[in-house]
Each structure stands twice: as C-alpha cells, then as structure tokens.
Amino acid sequence: MSSQAQQKAIVARTQHWLEKVVIGLNFCPFAKREYDRQRIRYVIDSANSPTEALASLIDELSLLDANHEVETTLIIYDNAFEKFDDYLDLLELATSLVEQSAYRGIYQVASFHPEYCFEGEELSDPANFTNRSPFPMLHLLRESSLESVLSHFPHPELIPQRNIDKARELGLTYLQNLML
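All residue numbers for the sequence shown refer to the working numbering, where the first residue is 1 and numbers rise by one.
Below, a list of computed lysine-lysine pairs in the DSSO-like style, where the Cα atoms sit at most 27 angstroms apart:
#1 Lys8 / Lys83
#2 Lys20 / Lys83
#3 Lys8 / Lys32
#4 Lys32 / Lys20
Cβ pair distances, simulated, as ranges:
#5 Glu169 / Gln100: 37 to 43 angstroms
#6 Asp59 / Gly120: 32 to 38 angstroms
#7 Phe84 / Leu150: 25 to 31 angstroms
#8 Gly105 / Asn67: 15 to 21 angstroms
#9 Ser49 / Ser145: 29 to 35 angstroms
Since the hints were derived computationally from the structure, they do not count as laboratory data.
Using N, Cα and C, we set each Cβ at its ideal position, and we do this for glycine too.
With the hints as constraints, model all of the structure from the sequences given.
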C-alpha cells in the first residue's frame, strides 16, 4: 500500500490530468460539473492481482449504491496493470462482472491507461491521448447520469471523433507535455 503522502501525490496528479486534459481539452464535456462539485471519488487500489482488483471494484459499486453524493469513481492502480495488455485483461473482467451482475444497466466501466492505444493505431498516434491517463484506472459511471446528460447534448455520438480530431490537431508533443 502506498503511504499517505504517495496517495495524495497520486490523487493530485490525477486531478491535474483531469484539469488539463479531460476538462481542459473538453474531451469529456460532462466532467467539469462533477469535478467542480467535488463529486468524483478517487480510490488508490494496490491490488496485486485481477481477483483483488475485482473485489475492490465490487466494494466501490456497493459504495456508489449507498452514497448518491458521489457521482463517479476513479479506481487508480498505483503499482499494478502497468502493461497495457494486463490492463485490458482486467478491463474485460471488470466489464463482464458489471454486465453479468445486478449492476448491469446501473453502472458502466470506462478505461484509461498511460499506454492506451486504440486497436489498429500506432502507439504514437495523438488520438490515444483521449484515453491516456497518468496511471492505469477504471472509471465507474452511473448509467442514469450518462443518459440524462447525453439527452441534453447535441450529437453525443460525435464526441469520440471530435476528440480524436482535436488530439491529432494538437499533436503528440503538446499532449505529452500536458500530461507532465
């Protein structure tokens, strides 16, 4: 487990990423509201295996069920799932767990990783920065909240391509420097 100072540093770096990349570049047009309202929960998970990580995921889903003041949770892995393929295995397990449980239709799992790379793209493609983060993390979202904000947003299906175009326009060097 990370020390309290290390945990604070991890959360601070994650918040910096949210401010500069996710909110600053408007990759998620819905994040600013929850960030400003301090309704994002940051959980440092020192799991050493997918089994441990899934147990923590279940705990977080239960917490979200019981605590509606928390809108969303970022589960941040401080020393595991550093290899993107290992992370993708965890993501598949986490998504399956949610889909095959009582949480189906209630929560959704989004993914962020420092080495995120869209299938078929080069690792150096700036578009990957739409899902790159300072640490491997799973983002737990309330589906009802997503549906609500998306119903008031014109053409939400265009968001991913708009983000990819913006990332490519800004370029690799710019995005790498923003992540520091």
